[in-house]
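First to last, the sequence lines map onto chains A and B. The opening residue of the first sequence carries number 0 in numbering that gives the first Met the number 0; numbering runs sequentially from there. The opening residue of the second sequence carries number 0 in numbering that gives the first Met the number 0; numbering runs sequentially from there.
If you're looking for bench data, these hints aren't it; they were derived computationally from the structure. Take the hints with a grain of salt, since some may be wrong.
[Said to hold, decoys possible] Computed cross-link-like contacts, SDA-like style, restricted to lysine to any residue with a CA-CA straight-line distance of at most 20 Å: (1) B:K44 <-> A:Y318; (2) A:K90 <-> B:G334; (3) A:K92 <-> B:M200; (4) B:K55 <-> A:I161; (5) A:K202 <-> B:D17; (6) A:K12 <-> A:Q211; (7) A:K65 <-> B:E158; (8) B:K47 <-> A:N348; (9) A:K315 <-> B:E42; (10) A:K65 <-> B:T156; (11) B:K19 <-> A:E203; (12) A:K92 <-> B:T156; (13) A:K202 <-> A:Y220; (14) A:K92 <-> B:A339; (15) A:K90 <-> B:K44; (16) B:K112 <-> A:T164; (17) A:K202 <-> B:G334.
Remember, it's a predicted structure, so these values are computed and weren't measured experimentally.
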Amino acid sequence: MRTLKFLLQKEFKQIFRNKALLPMILVAPIMQLLIMPLAADYEVKNINISIVDHDHTTYSQQLISKITASGYFQLVDYGNSYQSAFNQIEKDKSDLILEIPQGFEKNLVRESNEKLFIAVNAINGVKAGLGGNYLSQIIASYNNDIRLKWVQPQKYNAVPTIEVTSSYWFNPFLNYRFFIVPGILVALVTMIGSYMCALNIVKEKEVGTIEQINVTPIKKYHFILGKLIPFWVIGMVMFSLGLLVVARLIYGIVPFGSLWVLYAFLGIFLIAILGLGLLISTFAETQQQAMSVAFFFIMIFMLMSGLFTSLDGMPKWAYIIAKCNPVTYFIEVVRMIILKGSGFADIKNHFLIMIGFAGLLNGLAIWNYKKTT
Amino acid sequence: MKQFLSFVRKELYHVFRDSKTLLMLFGLPIVLIVLFGFAVTNEIKNAKIIVCDYAKDPASQEIINKLTVNTTFNLEKTLLNHSQIEEAFKKEDIKLAIVFPANFNKDLLHLNKAQVQIIADASDPNTASTLTNYAMAVIMDYQMDLMQNSNLPYRITPEIRMLYNPELKGATNFVPGIMALVLLLVCVLMTAVSIVKEKEMGTMEILLVSPFNPLLVIISKALPFLLLSFVNLVVILTLSVTLLDMPINGSLLLLVAESTLLIICALSLGLLISNNTHSQQTAMLLAMMGMMLPTILFTGFMFPLENMPVALQILANIFPSKWYYIIVKSIMIKGLGFSAIWKETLILLGTTILLLVLSLKTFKKRLE
């Protein structure tokens, strides 16, 4: 116990004396938490539209003002030629072209049927799909207006209509920040935890001081605990700072569920992720290697965790990989507790799986550590 | 010249002997292409839904069938009571619940009006609104089937064409971003770390007192990473053409030339970082924070730039990756020539020269 105390003292001193490292551990994550959610906004708004109007009639004007009044679209270009509108797309000035054919009004009234042409810049598929969708909806609603004008409204619905009411639970205003901030918090804890832990141990190897520790009566578990505990504490402090200060004050996120359950899970998750750092450090000889290997795995963990994209859309093999990723479970749990207010009973399985990860990663690390020294 | 070549050889040995670092250098681009090409998609498939059907009549059954027949929805179970919905949301990853009231079909046939309720788990707001839209479209589709007999007058039919990417693949957007990410990562991070490492180990002192020109020491450090970046570039392009069916519509030569410009820019930045740091850990963190995150955030390949607050949009302009991303998209996908991208190229060139001058200015022959 006394040995451990001295080791911890040494580690904390080393961390706090490093003038470059400490600000990066504490300030950089806060900065990221402030900037990332502002930047990471998938919501599609401000779609730039070019309109090519060959018709120039009241109807085409009405349609155009309906589109610009919807709030989704910004009219950047209005003209007669498709080619010049297409040039706007090439220059990224515009995302979408609406072409109104000549005789639009005439054909609609006389032949009761008319076409409109829409061309969407689909390099960003999601944005293109949504933009096309919005525009079709506006056109359909305009179509209804016209129909009402020409067809006498009847007392009863002439055709069967289904009224769909939709409600959004847990986040009624569809605020994207509520979704992304807890996720980013998890990503930051993961990165700091695994990198710092791996680099710290490998540095002792590279500088050679690990030899000195190996020849003292310090036990292996003392050494490992001495390395894990400081970063566990730092992880806890960072998460609390992010959740209770930044998320609450700036984004107004107040956890619905129990903080105790959340912190219990965080504690186990940190053990697992520090175990990963430890495991990497037993494989690596130099800091450069440790960084490369850690970066490689963390990158995959982040992309496959459902942080930004939904897991359901993945093909089967990718889904299985995602399910073998500890970060996936913590991101799920954080969102469940903070946004939905899930209790311990709801996430029992997650707890068991995370304890499994913690045991597995640390066990592997300790087993491998013995062999190398 | 002979001296220089032997220095380059020394650096290459360093790189190739370290198999774990090579894993990242060559493994990362491949993994990124595969993951972004196949696994990480914004598409929503197999979303789990639950249905609470009080009606249990032909109309509600028909709609449920229509919903589950495509790959978007996966019917997880049918509930008997709507009070179980909240429980299901909290416990499982159910994305959507659909409630049919009793007498659904009867209302629809006799009153010509019936109601359906859709409840979405909006803790993931984008998925929630997309799924709600899908479900509404399916129900509207059913309604259209019903009124097929009564032909609607004054119909406007929009015809939508998707330019450049008719299948709406995610890869078209991601591949140029991955190119920027990998090139920057390899060059900035690796150059900075490999120079600082010599400082940390003390071998830099030996190199600097040798009769060899100190500037050439630095250049010989950067050269292997220049070569490796080219290999990576070829790997990424080959994989995206063969595996992801991405086109290279413009001139390949122009693409390579622009990439070289970015690589030189990144190498200068790596040099600048190494001049101002003394430990590998600091260099790594600086390179990560200064390069990695801005590249992911501000190139526009993960998050649309136009949604950001104006201050961030202006900030994005100082990162070379943003300009490179525009250039690659224009050449590869839109198939445009140099006349369309000379402005971006000029900005990239200016940044490169600035970084190069700064890093040469701060380069010190003596270590404190």
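Hints breached by this structure: 3, 12, 15 and 17
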